[in-house]
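Visitor: Go ahead and model the full structure; you've got the sequences and the hints to work with.
Protein chains: 2
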Amino acid sequence: MPNQTPPRIVIVGGGFGGLAAAKHFRGKPVDVTLIDRTNHHVFQPLLYQVATAGLAPSDITVPIRWILRRETNVTVFLGDVAAVEPARRELRLADGGAPVAYDYLILAPGARHAYFGHDAWEPFAPGLKSLEDALEIRRRFLLAFERAERTDDAAERDALTTFVIVGGGPTGVELAGTMIEIVRRALPRDFRRVDTRKSRVILLERGPRLLPSFPESLSARARADLEALGVEVRTGAVVTDVNARGVRVGSEFIPSRAVFWAAGNMASPLAASLGAPLDDAGRVLVAPDLSVPGHPEIFVVGDLAAVRREDGSWVPGVAPAANQEGAHAARNLLRLLDGKPTRPYRYVNKGELTVIGRNRAVAVFGNLRFAGYAAWLLWLFVHIMYLVGFRNRAIVLVEWAYAYFTFQRGVRLITSSEG
Amino acid sequence: MPNQTPPRIVIVGGGFGGLAAAKHFRGKPVDVTLIDRTNHHVFQPLLYQVATAGLAPSDITVPIRWILRRETNVTVFLGDVAAVEPARRELRLADGGAPVAYDYLILAPGARHAYFGHDAWEPFAPGLKSLEDALEIRRRFLLAFERAERTDDAAERDALTTFVIVGGGPTGVELAGTMIEIVRRALPRDFRRVDTRKSRVILLERGPRLLPSFPESLSARARADLEALGVEVRTGAVVTDVNARGVRVGSEFIPSRAVFWAAGNMASPLAASLGAPLDDAGRVLVAPDLSVPGHPEIFVVGDLAAVRREDGSWVPGVAPAANQEGAHAARNLLRLLDGKPTRPYRYVNKGELTVIGRNRAVAVFGNLRFAGYAAWLLWLFVHIMYLVGFRNRAIVLVEWAYAYFTFQRGVRLITSSEG
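Line order of the protein sequences matches chains C and R.
Per our numbering, the first sequence runs over residues 146 to 564.
Per our numbering, the second sequence runs over residues 146 to 564.
Hints are computed from structural coordinates only; laboratory data are not their basis.
Treat the hints with caution; some may be incorrect.
[As the list claims (entries may be wrong)] Once the Cα atoms are required to be at most 25 Å apart in a straight line, the calculated SDA-like pairs of lysine to any residue come out as:
hint: 1; chain 1: C; residue 1: K343; chain 2: C; residue 2: S362
hint: 2; chain 1: C; residue 1: K343; chain 2: C; residue 2: P333
hint: 3; chain 1: R; residue 1: K173; chain 2: C; residue 2: K168
hint: 4; chain 1: C; residue 1: K168; chain 2: R; residue 2: L288
Guide: Here is the structure:
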């Protein structure tokens, strides 16, 4: 007599990859459990706006279980997965709760920022991957001006209002462009003893140009735009130390009380527990069908997966790739259940967009490259469109309209415990 | 030769009282410093909506220095005032920074919730006075359902979905009415293993009726409305213990993992450092002109002030009273500077409003008493009108419209460090 209980599929992570997979199982005869450390999905492309007080955390987050409310065969659990035990087909939870058994597993836990062997720098240079990270950056950025207003020490005031961003990729560019606008336009009237317009925003990039994934012409444009706004851009700038006093770049020491890290990723430590081959960033070197070599019942998607394209390059760690991979893994899993062979994944590049400041962005779509106002409008449109839920779209539109016309930021909130 | 430096006025607290005072000094030849522990003013009447995931923290807060951006003779400092030293005319700061000297002082630090000698209950029954309090209540409320969904223990599940609110004043009534709507309307579809509609919301009041400051007919109406919504209301219910397992009421023990405290206030400990007579709740027994007896240069306003009315009753600790007192203290202070005698303060009762649930509220304005839909509409109008800033009004309107038509709550966010 055949086993009539539906196969148990467990998905780890409620980001773009995990959700895309979960949605694919709607109405299928499977029993799905999605586990995430938090109760909410974060729209990561707008995380930098939370970090810079433009949006509230709830504007870019939605409860995972609300997103999946109509997927009645999907149960959502709040839990922190500590390790995979592939031999027993079980997940161990960090809180010591009962292990979670699976027949099939889709891993989509994402990545954290990485300090390339300098973990001691983390307390002085928080990165931007989670909502908590964003709130910590917001707290440090806003607190710097409060402290500058209270101090009578001119050198300390200068250090407090010098903001250093390490890493010239999209996150670093977006943070720098937003911060310079805030210090020059949003804050000046509110302070009596400190001239916030004199604040420095310094963007450090180790490589020869900003936005290395973009064509060179757009990298140059981004740099010119940032410099026009007042950002000090330094390329070829190798950071050799970060501490409570500031940042060392080669032989120069930049006194700063607020350094932000946008320089690199490290995959979730879950990868190590798989016993599969990993790349230098700790990502799982998956098979072409996104499964783990030797474990056809385990798929890895999103930032945890190192996926090679046909031309030998790597699929980038961006939201559209995670989306595609999650859906592809789910389709392959359903094919396995039907006794069909899995199919290799092919990345479809939907283009790349990075915003620099008001009315300024850079965009690449296939052979189309553009910058300035048109790219900025496109950026607005795409980000509103992809936000989950009517409420968030409506509120983000109000926030952006308010910020555009008043130059103010709506969420200048410092809370002690909020991070 | 007369002293030409303007008199130094220090205001402690950026709530309703402190802000009303600060705004009164606009354009006057005085040097004002306002000190607050946080960088933001909180619109306390809507704090319960943050606690119940309806509004984001930033919807009901505004940076204090932004509110006072046009009061160019007012400097705003972020700082925690630990004590007043009236003999030296100085304030001591908790962070050990240089003491702040004053010629005149207006104290408006507000109140905390109080456990009437049972401080050990606090970890198990958080109160609702600050933004951090609200986020902690939100976290516990939302986390309860996450845990209930994961547990296989039926008794534990019942305890997790039993919510007890201690205190039947406006805050308790508002929390209970909102929570019952959430468990019955917002959450059911999102959970697979727990039926959130079966959750219990229990409102405990020590006295004989809810809303003791309202007329008896409206207390009865509030009780009937809450019971119609599904809240279990118990009056004459004296809490004798609160611990990690639940609440003891007389001989009955109610198992609950989420108890919320809305039962009493205790004035800021700053009062004790004044050396002035205090009442049982730690409030300063001020002179009729709101000054501290024996210290004409110190005024106390808002929740820290015990102000007697002409009929012998006390002025209630509500936002309109704090507003009036702040402005009155500032006017008296300016009269002192002009060499004129101060004037006694007279409380103007602007009425009282408490919301019970959608389309339900109770209202008293002079001899006018009403309940139901009209009171609810009035409540909406008054609260939108008094919110500070166009942005907050616009966003709260969007949130409320969304909640009204979908029964959903827009801010169902659990964050670990956010409290």
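Visitor: Now look at each hint and say whether the structure bears it out.
Guide: Here's how the hints hold up against the structure:
no.	hint	in the structure
1	C:K343 to C:S362	violated (30 Å)
2	C:K343 to C:P333	holds (10 Å)
3	R:K173 to C:K168	violated (63 Å)
4	C:K168 to R:L288	holds (24 Å)
When held up to the earlier numbered hints, the structure conflicts with 1, 3 and fits the remainder.
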